[in-house]
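Each chain is listed here by its residues.
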Amino acid sequence: MPELTYLKAISDGLREEMRADESVFCLGEDIGAFGGAFKVTDGFIEEFGEDRVWDTPLAENAIIGTAVGAAVEGLRPVCEMQFADFISCGFDQLVNVAAKLHYRQGLSVPMTVRLPSGGGFSGGPFHSQNPEAWFLQAPGLKVVAPSTAEDAKGLIAAAIRDPNPVLFMEHKHLYRRAKGEVPEGRYETPLGEARLAREGEDLTVITYGAMVLTALEATEDLDGASVEVLDLRSLCPYDRDAVLASVRKTSKVVLVQEATRSCGVAAEIAALIAEEAFEDLDGPVVRVTTPDVPIPFSPPLERAVLPQVDDVKEACRELLAY
Amino acid sequence: MSSSPTSDGLMEVTMPQMGVSVAEGTIVEWKKQPGDSVESDEPIAQISTDKVETEVPAPAAGLLKEVLVEVGETVDVGTVLATIETGAAGDGQAPADEKPAEEAHADEPAADVEAEAQAPAPQRTRAQATDGERPAPHGDGDGRRPERGDGGAPPVTPVVRRMAEQHDLDLSRIEGSGRRGRVTKRDVVAYLREHEGEAAEPEREKALHMESPYREEAPAVAPEEAPAAAAAEAPEKAAPQPQPAAAAEKAAQAAPISGGRELSVMRKRIAEHMVRSLRTAAHCTTIVEADMSRIEAARGRRSYLPFVARATIAALREHPSLNATLEGEVLTVHEEVNLGIAVSLGEEGLIVPVIHNAHELSHEGLATRIKDLAERARGKRLQPDEVSGGTFTITNPGAFGAVLATPIINQPQVAILDLETVVKRPVVVTDADGHDSIAIRPMTYFCMSWDHRALDGVLAAQFLSTLKRQVEGWQG
Numbered sequence: 001m002p003e004l005t006y007l008k009a010i011s012d013g014l015r016e017e018m019r020a021d022e023s024v025f026c027l028g029e030d031i032g033a034f035g036g037a038f039k040v041t042d043g044f045i046e047e048f049g050e051d052r053v054w055d056t057p058l059a060e061n062a063i064i065g066t067a068v069g070a071a072v073e074g075l076r077p078v079c080e081m082q083f084a085d086f087i088s089c090g091f092d093q094l095v096n097v098a099a100k101l102h103y104r105q106g107l108s109v110p111m112t113v114r115l116p117s118g119g120g121f122s123g124g125p126f127h128s129q130n131p132e133a134w135f136l137q138a139p140g141l142k143v144v145a146p147s148t149a150e151d152a153k154g155l156i157a158a159a160i161r162d163p164n165p166v167l168f169m170e171h172k173h174l175y176r177r178a179k180g181e182v183p184e185g186r187y188e189t190p191l192g193e194a195r196l197a198r199e200g201e202d203l204t205v206i207t208y209g210a211m212v213l214t215a216l217e218a219t220e221d222l223d224g225a226s227v228e229v230l231d232l233r234s235l236c237p238y239d240r241d242a243v244l245a246s247v248r249k250t251s252k253v254v255l256v257q258e259a260t261r262s263c264g265v266a267a268e269i270a271a272l273i274a275e276e277a278f279e280d281l282d283g284p285v286v287r288v289t290t291p292d293v294p295i296p297f298s299p300p301l302e303r304a305v306l307p308q309v310d311d312v313k314e315a316c317r318e319l320l321a322y
Numbered sequence: 001m002s003s004s005p006t007s008d009g010l011m012e013v014t015m016p017q018m019g020v021s022v023a024e025g026t027i028v029e030w031k032k033q034p035g036d037s038v039e040s041d042e043p044i045a046q047i048s049t050d051k052v053e054t055e056v057p058a059p060a061a062g063l064l065k066e067v068l069v070e071v072g073e074t075v076d077v078g079t080v081l082a083t084i085e086t087g088a089a090g091d092g093q094a095p096a097d098e099k100p101a102e103e104a105h106a107d108e109p110a111a112d113v114e115a116e117a118q119a120p121a122p123q124r125t126r127a128q129a130t131d132g133e134r135p136a137p138h139g140d141g142d143g144r145r146p147e148r149g150d151g152g153a154p155p156v157t158p159v160v161r162r163m164a165e166q167h168d169l170d171l172s173r174i175e176g177s178g179r180r181g182r183v184t185k186r187d188v189v190a191y192l193r194e195h196e197g198e199a200a201e202p203e204r205e206k207a208l209h210m211e212s213p214y215r216e217e218a219p220a221v222a223p224e225e226a227p228a229a230a231a232a233e234a235p236e237k238a239a240p241q242p243q244p245a246a247a248a249e250k251a252a253q254a255a256p257i258s259g260g261r262e263l264s265v266m267r268k269r270i271a272e273h274m275v276r277s278l279r280t281a282a283h284c285t286t287i288v289e290a291d292m293s294r295i296e297a298a299r300g301r302r303s304y305l306p307f308v309a310r311a312t313i314a315a316l317r318e319h320p321s322l323n324a325t326l327e328g329e330v331l332t333v334h335e336e337v338n339l340g341i342a343v344s345l346g347e348e349g350l351i352v353p354v355i356h357n358a359h360e361l362s363h364e365g366l367a368t369r370i371k372d373l374a375e376r377a378r379g380k381r382l383q384p385d386e387v388s389g390g391t392f393t394i395t396n397p398g399a400f401g402a403v404l405a406t407p408i409i410n411q412p413q414v415a416i417l418d419l420e421t422v423v424k425r426p427v428v429v430t431d432a433d434g435h436d437s438i439a440i441r442p443m444t445y446f447c448m449s450w451d452h453r454a455l456d457g458v459l460a461a462q463f464l465s466t467l468k469r470q471v472e473g474w475q476g
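Residue numbers (my numbering), protein chains in the order written: chain A, 1 to 322; chain B, 1 to 476.
Same shape as in the complex, but just chain A (with noise of 0.2 Å):
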């Protein structure tokens, strides 16, 4: 198997639904001549014509409105938002028509957005953010953050199938440094299926998208204590099972996301251990995430802010010895 960038694997999903399914279209920001501003899409424009890769204006209601009407006539759009954090432009044709077609009118939305997310390169406060939280709210929509290449090729195909609007969260931070095998041809990786990135025995990690690579990193060589990290995956639906299996096993939680602390997945992961695993808890359940600010510009207030190694390191090291 060859080895691919996740940036490269995104693309590599991308085209092949695209070369298997002529339904499927993009349209975006910038996505055709220029081929993407993180260049998902390059060369897609020549190989299937600007029928199939429209460029859009800066108008993310637009682009999610039209995919939202074209999915409903039986295509599957593939949006790009240039960045996540611009999505709160389309806010109300996701939360509010997206989200809701398939419940009052019986109407399946098969579409895609994908939102190159997080930080980590100074970015600043609008083009940091992980937005996935706002959209776990919104039932009806299904949310992913693959944190592999070979997950990110697998999920984007799953995401094009569904026959739900998906949420694809494409960490930026990700693109160039996550490298891995990924398998040719097409393939899908199934949508509400953690994956287990690590066994382990004396404590859990639950993470996803770029805070994967941190965890492992981070609970590599941890004073030889054996760290279980899960990979999520996916975020709505996520996988209860996966997630209360290993809190069995090692009664230990450390929850991480570099999305903002109030109300995220990680609250949210930590509310269904407190309801369905309490008596299997040998400690506080604890997160590690970014505190509620927004995301300075300034790299060394970023990395005080972002889920560093070291937090995590210092947080699972607390509660080993709690």
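The set of hints was computed from the structure by calculation and includes no laboratory data.
Please note that a few of the clues may not be correct.
[Stated by the list, open to error] Derived list of chain B stretches under chain A, where covered just means 3 residues or more per stretch with a C-beta under 8 Å from a C-beta of chain A:
no.: 1; stretch: 157-163
no.: 2; stretch: 427-436
[What the hints assert, rightly or not] For the chain A half of the interface with chain B, some residues (derived, Cβ under 8 Å), not all of them:
no.: 3; residue: S108
no.: 4; residue: F278
no.: 5; residue: E279
no.: 6; residue: D280
no.: 7; residue: L281
no.: 8; residue: D282
no.: 9; residue: G283
no.: 10; residue: A321
no.: 11; residue: Y322
The beta-carbon is built from N, C-alpha and C at its ideal position, and this holds for glycine as well.
With chain A's structure known, arrange chain B on it following the hints.
Just chain B now, with coordinates in the frame of chain A:
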């Protein structure tokens, strides 16, 4: 608050004022003995007034020093029942009533606590440092939690507690490797592995208490409740038998024990009230039969009771003479309907919480109030004022399948309505054209006992006919 601090770190626990009409109370049980540590608001005694049984909470954490009123004694409101030692003498830095007792009595020397607090705090994670809201897994600074009263050991985690119960382990025998000696899951697993060969006691089947969260597990209660005489007698009677093996034989012992048992305070009160009512009122019972089809259709899966209560209130508004109390030779007819609902507490007894101003409520409002009062009655959380001032009472043994009964009037009221079970019966119905046919209808009997001193049979029958009309013509 039923307590007052004294100058020397002692807190007095007094007989609480429970509602305006209560002047005295009886100690039913001491839940704590002198020397026991108590937490703030932890129930330390069970008391009974002539209206309700309730608990006396500890006004502060500390050690129960002295019990001044014995079980069975009845004392006035405000009498000192016990004293609680709230803090070590001389340690007057914190107000006595705010100081957790464990701190004073912990084995851990105070110096040790200081040392830990002053040690350089471990480097906080960045996320934590900036928002400071994280749960503190370690005991730095303010993160120290109140500890249990077992000598300063850190709280047991849920999984360790569960494993200890499952395997019947004494946690004090396991050396803890966690912070401050906490026994971790890992320690328990290691201990179990080490002691694998030793025949552990077979897992004891826990008494189920799922159906009733209020019922205590049997072994915890039985020995205390058995009067000394009966307890001494029991082994003699069982003499030919081999010595019973404690828990397993409890059932066998139950018969002789209950034979010599004194009535509970509640049962004594009920006995007294019932006999007094029979002696006082000229009881007479009138019965009507009613077709419950309309209510059956309206109620869905809900109880009949709130519907019948609503219809009863409507009938009482039409016949206010039944919404009355008779004290001596003075009859008072009440404007508002304060509806008593008999709530069974199982073998313990019966209590009649009152829905004040019930005439202002719809059947839905009544249902909510009945549910709330019944729940709190079973949880012994009723206020005395919630069981007084009734003007009419409904009792509902029909829920348990009874067909007819002659209830005893709840004094000083003049009538009590008994709702019996609803049974499908063949009845003759007459259609609009006057043709008769036999139909299957959900039928019930409304049995009302009334006081012939206050009213006569005609009025009772009229009232019941109105009730029947209300029920059969239920409009929702």
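Here is how each hint holds up against the structure:
no.	hint	in the structure
1	157-163	holds (count 6)
2	427-436	violated (count 0)
3	S108	violated (36 Å)
4	F278	holds (5 Å)
5	E279	holds (5 Å)
6	D280	holds (5 Å)
7	L281	holds (5 Å)
8	D282	holds (4 Å)
9	G283	holds (6 Å)
10	A321	holds (6 Å)
11	Y322	holds (5 Å)
When the structure is compared with the earlier hints, violations turn up for hints 2, 3 and for no others.
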